[in-house]
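Order-wise, the sequence lines are chains A and B. Using the working numbering, the letters of the first sequence correspond one by one to residues 1 to 374. Using the working numbering, the letters of the second sequence correspond one by one to residues 1 to 312.
A couple of the hints might just be wrong.
[As the list claims (entries may be wrong)] Label-pair restraints from in silico Cβ distances:
no.: 1; chain 1: B; residue 1: Y147; chain 2: A; residue 2: E97; range: 40 to 46 Å
no.: 2; chain 1: A; residue 1: L311; chain 2: B; residue 2: G166; range: 33 to 39 Å
no.: 3; chain 1: B; residue 1: P129; chain 2: A; residue 2: A361; range: 44 to 50 Å
no.: 4; chain 1: B; residue 1: A77; chain 2: A; residue 2: S191; range: 36 to 42 Å
Bear in mind the hints are in silico, worked out from the structure with no lab data behind them. Think of the CB as a built atom: it goes at the ideal place given N, C-alpha and C, for glycine as much as any other residue.
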Amino acid sequence: MYVAVKGGERAIEASWRLLDQARRGDTRVPELSVAQIREQMRLAVARVMTEGSVYDEELAALAIKQAAGDLVEAIFLLRAYRTTLPRFGYTLPVETEQMAVQRRISATFKDVPGGQVLGATYDYTQRLLDFALLAQGNDDSDIESNALPHPHRSAPGEAEPMPRVVTLLDKEGLIEQETPSSEAAEPGDLSREPLAFPADRTVRLQNLARGDEGFLLAMGYATQRGYAHSHPFAGEIRFGSVSVEMVLDELGEAVEIGEIELTECQMINQFAGSKDVPPAFTQGYGLAFGHAERKAMAMALVDRALRAEELGETLASPTQDIEFMLSHSDNVEASGFVQHLKLPHYVDFQAELELVRRLRAQHERGDMPTGEAA
Amino acid sequence: MNAPDTFDTMLVSHETQAAEGYNFAYLDEQTKRMIRRALLKAVAVPGYQVPFASREMPLPYGWGTGGIQVTAAIIGANDTLKVIDQGSDDTTNAVNIRRFFARTTGVATTRRTSEATIVQTRHRIPETPLDEKQILVYQVPMPEPLYRLEPRVAECRKLHALADYGLISVKLYEDIVQHGSIATTYDYPVTVNGRYLASPSPIPKFDNPKLHMNAALQLFGAGRERRIYAIPPYTPVKSLDFDDHPFEVQRWEHACALCGSRESFLDEMIVDDAGKRMFVCSDSDYCHERRINQDHQENRENAPTRPAGEHA
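The shape of chain A in the complex, shown without the other chains:
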């Protein structure tokens, strides 16, 4: 009997119902609220916002809930929503020097103006499972009574500006200047124009900011292990909030429309110099929404590796190959194409079957071409 794929309609509807059940799990356990995800899974929310390219904690939390914690699926949900939103305009560049810093460290100087601020970090936890968290209905009074004041949690703009570490090197001319040149073109917009090669740095940074954290982590790691001539120092990593300003046509001036949390990383790399340029330090740059240090650092490593061509370095590794890196960094694209192999391919497979059978039959008869055929 012929019982091939049939009744797709009903199967899909049944699959939706099963998915709802699977997402909810055991109904005797209270349902997770979007507010809980937003407050208690802030790092997942940050990743979904960054790679989903939408700064909206509530929608990111909703996507995480709907995706049952599959962050790549949540990123896809958010992107598919984002694509339907109208574009009102562009904000002014955010000024991260004016950031209300919650955490700021430099690995290049023991002390820096503004100081080292450790903030909330997993870095110096001892990675012992905290079984106290297993207990239901934890008493939060401990957390509340032990709460530290937030000396740096002043509103952005009100805080003292905290100069970037790299500006200290600027004074000696030891590091390349990163100021926009007057003839620089407007930055491209990857969500409105197709990625084209050669891709300039604005486009590369946009691509990396949306890029998959795992991909960037592995590629950044590879640059440290010799796949790219990279000698990085973490010049500065800062996390905090900045205000976002936009020029409104009706008012004719910039107004603050809100604030967002950002993680920024500036890597300092050696550069041997060339016959025109003396040896100096160069930068790799990373930026992500929310608290996302791993992402920002990996992005900065990859950004620096992708500058090999403009700096006249030898191209010896895929991590320096702009087209290779930018074409494969996006997890919405990658996940879709890898998983499309689940779709039926039986027409193509039938065509291949026919070929392999024919070639095998020829092989058995011994009438394979001898090499000087055709």
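Chain A is fixed; fit chain B onto it per the hints.
What follows is chain B alone, placed relative to chain A:
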């Protein structure tokens, strides 16, 4: 196909209303305009891959987002849409895409090739010839016919600009030397209008002759790779070959087990644990129509005793 046909009546109940909160055919009008511009350029330069600002769609990349965006840009309220995957209207992805358009446009959908004004397809060209009023939209995974030989897109664009297609001829030659024949069975490269090398999308090479001088407009959308290209109606399309190794299509020793066709592309199915095989038309509408016609013929012969065909 041969299952009881309650499907179409089910569709009417919940698929005829456009989804609330979204524009007709999901995409906003600005985006449609951008895609239409790319389509016009593609039609003007047959076979040339036009970059376009592909959008994230609510279906995953690699699952037909290019074809969906092309269809969304051209579909109107009076269109009738048919969606097939592997030749069949019933595969889950075809059902899903058809339902997507039914929800977001409310247009009529059909499984009959001859009734459709737009046919969106993955991996097949319908067996029933298309006419000048129809548009065939292909879902394309890899629009670049040279990508296995040269993965760098920037480099491939140069080769196209210079019409430097030596690489692919060498590849086909090497196939002949190693295997005695060209070992490409699907996504078989073609030259469009004597100029651009193009991928026909992963259709079996059996379908390649239907690309040539087709009366319908053929549009190709690659969402993930952000490319659109086209074969306008009545455009010459040549499958690559050599004078002494002319292009050939697959042949079967079997006929379709359901309709008896010896002219259509057949899917092979394993029907029991002993590995028994059965061959059936991959184009489900073609097979269905043939069986209706056969029923009608029989009915005419035995008119008083037999009921009408089940699908009539």
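We went through each hint and held it up to the structure:
Y147 of chain B and E97 of chain A have their C-beta atoms about 44 Å apart, which keeps the hinted 40 to 46 Å range intact. The hinted range of 33 to 39 Å is satisfied by L311 of chain A and G166 of chain B, whose Cβ atoms lie roughly 34 Å apart. The hinted window of 44 to 50 Å between P129 of chain B and A361 of chain A is violated, with their beta carbons roughly 33 Å apart. Taking 36 to 42 Å as the suggested C-beta distance range, the pair A77 of chain B and S191 of chain A does not conform, at roughly 29 Å.
In the structure shown, a violation is registered for the earlier hints numbered 3, 4, in ascending order.
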